[in-house]
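Asker: Below, each chain spelled out in residue letters.
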Amino acid sequence: EVQLVESGGGLVKRGGSLTLSCAASGFTFSLYSMHWVRQAPGKGLECVSSISSSSNYIYYADSVKGRFTVSRDNARNSLYLQMNSLRTEDTAVYYCARLIQAAGTDDYWGQGTLVTVSS
Amino acid sequence: DIQMTQSPSSLSASVGDRVTITCRASQDISNYLAWFQQKPGKAPKSLIYAASSLQSGVPSEFSGSGSGTDFTLTISSLQPEDFATYYCQQYSSYPFTFGQGTKLEI
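Protein chains in written order, with the working numbering: chain A, 1 to 119; chain B, 1001 to 1106.
None of these hints come from the bench; they were simulated from the model.
The C-beta atom is built at its ideal place from N, Cα and C for all residues, glycine as well.
Please note that a few of the clues may not be correct.
[Stated by the list, open to error] DMTMM-like, lysine to aspartate or glutamate: derived pairs with alpha carbons at most 20 Å apart:
hint, chain 1, residue 1, chain 2, residue 2
1, B, 1045, A, 46
2, B, 1042, A, 62
3, B, 1103, B, 1061
[To be verified] In silico contact screen, one side only, chain A against chain B (beta carbon under 8 Å); selected entries:
hint, residue
4, 35
5, 50
6, 59
7, 100
8, 105
[What the hints assert, rightly or not] If we take Cβ atoms under 7 Å as the criterion, some of the chain A residues that face chain B in the derived model are:
hint, residue
9, 8
10, 42
11, 47
12, 107
The following block holds chain B by itself, in its conformation from the complex (with noise of 0.2 Å):
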């Protein structure tokens, strides 16, 4: 199985900030590679898909780069709806696998 590592584990930041969050894979799994956030009590949302896609309806302060192992989450100016959890995933090969998550805290 893919594994993918995800740091910081846990991010303190201010509103206006300019946040990045990393994503490592075991292995080369190209540009297959998604963002998501999370808010309590809800069903994960995806952000990012191809490793830099913006999905339909996501801001332009988000924004993603990176292909083969190594990969970053932007967030370039945090607003007070940004503070969430945030997960990557590749879809490389089965079985998809999560990055164990990044709490943003204000």
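For reference, chain A alone in the conformation it holds in the complex (with noise of 0.2 Å):
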């Protein structure tokens, strides 16, 4: 069965920093890009980061670019993102997805973690 498992969500203030984490198994984690995907209060779904299999791909959208990090541990079968400089519009539900690739069928979620930025 594929889990993904989120956590190291919480309250911090603004300027603050978050790692969150991934823990992913059930499935060849190496062989699959993955996904940050974040939902703010009342909002719909933004992805807000991507990295490939192998790390030689990864996006961030422009509302975090040069604040988060995302990285993977294959070894480990984990997804981080190192998030820097919050916002008070940082706050949101993270979710860790594996979502559907081209001729894929499946796609997978984390059950989310809630990250809280305070003024």
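Both chains come to you apart, so use the hints to assemble them.
Answerer: Below, the structure is given as structure tokens:
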């Protein structure tokens, strides 16, 4: 059974830092691109960062570029999101996701972890 | 980046109604489109992939169609559990992008 389990969310002050982790199991983690998708309260879904299977392609949304760093450890089946210089508008539920890829059929999401940035 | 535009942003309907949600891509994405359903406090759940293929376990009242830039999600007969928010998402090219969502209300 595929599982994605996020951790590391919490309450942080504006300007602070947090690191999110995602532990993957039930599939060959090293073969798949992974994504961090966030959802601010009452808002839609936004893919803030993506990383290819071998880390040779990395994407950041403009809203987080220069502040967030995505990484992965294929030996540990883990995905990370280092978040610095946090802003109140970064308040959201952050999901770790294995989204459908071309020719694929399945997608998987974690349960989400809440990041709250206070002013 | 490919922009995904959904319409309507909200929709009121009744149990038993047939409803259609549309999604337009800013460029040709072939059939690399997925539809998700999300209920409050839950992660999105995949309904459709490759524009028209039903995910395993998804009721047959859901169907998808389209290719290129224009896509639709149809619910043929609304059930009480179908009232939720629906998103389209393209996976033709990075970065993967979502529509803004359609809230389906009673």
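Asker: Hint by hint, note whether the structure agrees.
Answerer: We went through each hint and held it up to the structure:
no.: 1; hint: 1045(B) to 46(A); result: 15 Å, holds
no.: 2; hint: 1042(B) to 62(A); result: 26 Å, violated
no.: 3; hint: 1103(B) to 1061(B); result: 18 Å, holds
no.: 4; hint: 35; result: 7 Å, holds
no.: 5; hint: 50; result: 6 Å, holds
no.: 6; hint: 59; result: 5 Å, holds
no.: 7; hint: 100; result: 5 Å, holds
no.: 8; hint: 105; result: 6 Å, holds
no.: 9; hint: 8; result: 17 Å, violated
no.: 10; hint: 42; result: 10 Å, violated
no.: 11; hint: 47; result: 5 Å, holds
no.: 12; hint: 107; result: 5 Å, holds
The structure shown violates the earlier hints numbered 2, 9 and 10.
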